[in-house]
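As they're listed, the protein sequences go chains A and B. Quick note: the first sequence uses this note's numbering, first residue -9, plus one each step. Quick note: the second sequence uses this note's numbering, first residue -9, plus one each step.
No lab work stands behind these hints, which were simulated from the structure alone. From a predicted model like this one, the values you see are computed outputs, not experimental measurements. The reader is advised that the hints may include incorrect statements.
Copies of the same chain are indistinguishable here, so a pair counts whether it falls within one copy or spans any two.
[Claimed, not checked] Think about it this way: if two alpha-carbon atoms lie no more than 25 Å apart in a straight line, the pair counts; the simulated DMTMM-like pairs of lysine to aspartate or glutamate are:
1) 289 <-> 269
2) 353 <-> 36
3) 174 <-> 202
4) 92 <-> 173
5) 353 <-> 173
There are 2 protein chains.
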Amino acid sequence: MMMMMHNGSRNLWKKMCLKPRILYLYSTNSLSTTLLNNSLRILGPDLPEIWIPNPSSPSRPPITHRSPFIFNHQEQTAAVIDGKMMADEIRSEIANEVSRMKNEIGKVPGLAVVLVGERKDSQIYVRKKIAACEEVGIMSLMTELPEDCTENEVLDAVSSYNVDPAVHGILVQLPLPQHMNEEKILNDVSLEKDVDGFHPVNMGNLAMTGRDPLFIPCTPKGCIELLLRSNVEIMGKKVVVIGRSNIAGLPTSLLLQRHHATVSVVHAFTKNPEKITREADIVISAAGVANLVRGHWLKPGAIVIDVGTNPVEDPDSESGYTLTGDVCYEEAIKVASAITPVPGGVGPMTIAMLLSNTLDSAKRAYRFT
Amino acid sequence: MMMMMHNGSRNLWKKMCLKPRILYLYSTNSLSTTLLNNSLRILGPDLPEIWIPNPSSPSRPPITHRSPFIFNHQEQTAAVIDGKMMADEIRSEIANEVSRMKNEIGKVPGLAVVLVGERKDSQIYVRKKIAACEEVGIMSLMTELPEDCTENEVLDAVSSYNVDPAVHGILVQLPLPQHMNEEKILNDVSLEKDVDGFHPVNMGNLAMTGRDPLFIPCTPKGCIELLLRSNVEIMGKKVVVIGRSNIAGLPTSLLLQRHHATVSVVHAFTKNPEKITREADIVISAAGVANLVRGHWLKPGAIVIDVGTNPVEDPDSESGYTLTGDVCYEEAIKVASAITPVPGGVGPMTIAMLLSNTLDSAKRAYRFT
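Use the sequences and the hints to build the structure in full.
Here you go:
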């Protein structure tokens, strides 16, 4: 059944075995508990993603009020990748295209937003998206439903937008209330209008070589745009993606792999994430943990894209909080060669990519080139 | 637009930039070439996966005829993970379940195979799969079509199996002839009968946290079974997957991530794959390159799963060739703590997982528990 010789070091193997002293790798005893109908076992345990800070990390410098563009010149080595400026340019390109479409065929792209409940952050995001649409000439529609509405009411809203020819993109603002089946609702969005790219068919086609998704999720698309427009070479580079959420980390790692980077995904169960991250030429952090990535996590000269937008208490701020990235910016700028600020980095690019996906969808629908 | 200070080392950054001397990360000049309608650019260049051996590698020992179970005891340190034996056991469990199903509800699972063309290797694989079905009591059906048949003939075969209630799994043997659209044909297989797990919805749901695919592709499922049944802990371990094909490398990396491993994917564009692989606790090689992974690629004590089945010329063999893995076995057994042989490792498990998926599908269809 198995052969095992004892003249080599077996320390690693011992550490890796749940039963370190077993002699047979294949124990028939374990079979009865690991028989058929075991798809859950094969799919792996469903565990919460909780990041535990390394207690041996040096203490962080105090958070100070700062503009990302004002630094101590003595210490900064990193170039700042200005996502807001890039997004402004992209939005202006989109506005030109929308205007050309309107002039030539008398149509404009349409985005429909479904917002359920009264979450403050969701309301702010939706307001920003709708304002961005207006600015470039994309028509926007919105359905607001109360927190206690039924799943069917949400599905009805999605269905009516699915068949509305003036709507080219449908966005269901996440998170949905607990009592709703997010998967069912997102799967109901027409593939051709899935501008968020969260439908499993789009995700599967993003993952598979030789397949092309109709839409790339906005945050990963924004990250890649930031890199490409900054002339950062991706092919063959070691990239560490921190975090593996369905909306950011996962599709970003899939997209980077399509660009032929060598991708490692670091998550809450990764042992010694600093060490792995320190080997990366490019670090993309989407963990959703404020100041997780410290200066000593980075290789000198690394490129850092910070997807995190984490609210951190700040009594001096009017709202009571400040938005902070995953990356400890004050430390990282002394080590990295280029970095995105928060705010003003990935965030504006994400909204620009939503507009870009909506425009692409309308062009496809009207066969407008 | 961007700030750049010059008091730090910028060597890495320079190496990574296509235009190393630009001062602005965000150059408006590049905009005109990287404007809208750029989904191909964002999706990354479509390049062939060609592995180039490292010329500085030590020369390989001559290939000798060998049984995986006979070695020089002085040198071997690795335990052999016997996939054939595990697969035999699983097949016997499946046979029991099929028999119970037949006794209790008078039904058996059914697998339909579509084979196009006269490729010898495809014919051998299909014959093996059908023989394996017969052995466990799964009914098998087969449609053989000539190399020059039309895509519609293949689609018709798939459609008729899609609606046949006695068929619970449909397998389109790959590769299909060049003139056919593989994507279109695979997407046509009913999701509920996609026992190969190659439908983008299944792949997307495998990738996404909190989603469950109806079927897990057979080779990755076999690899995980090998690890789980060998009591190898996966969570938190560093795993390197070599290769990123849609049928093996990609879904294996996705499945390992669901088991909370820290996964790095190595491919033909990876620089210094030896170095990255040498850091892994578990190495799964699915590159399709004979003897790519040398002894010095492995950390002492690593677990090695070899997915490769590469035909290598062998004048002493009746067929003229021998099947060889991706891993240089003679070298690896001296370094690894456990390893799968080729043949007799992943191969038999892949077929067992096809039977397991077909059984699961029939149970789902008949609501049989």
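Open item on the list: Could you work out which of the previously given hints the structure breaks and list their numbers from low to high?
Closed with: 4
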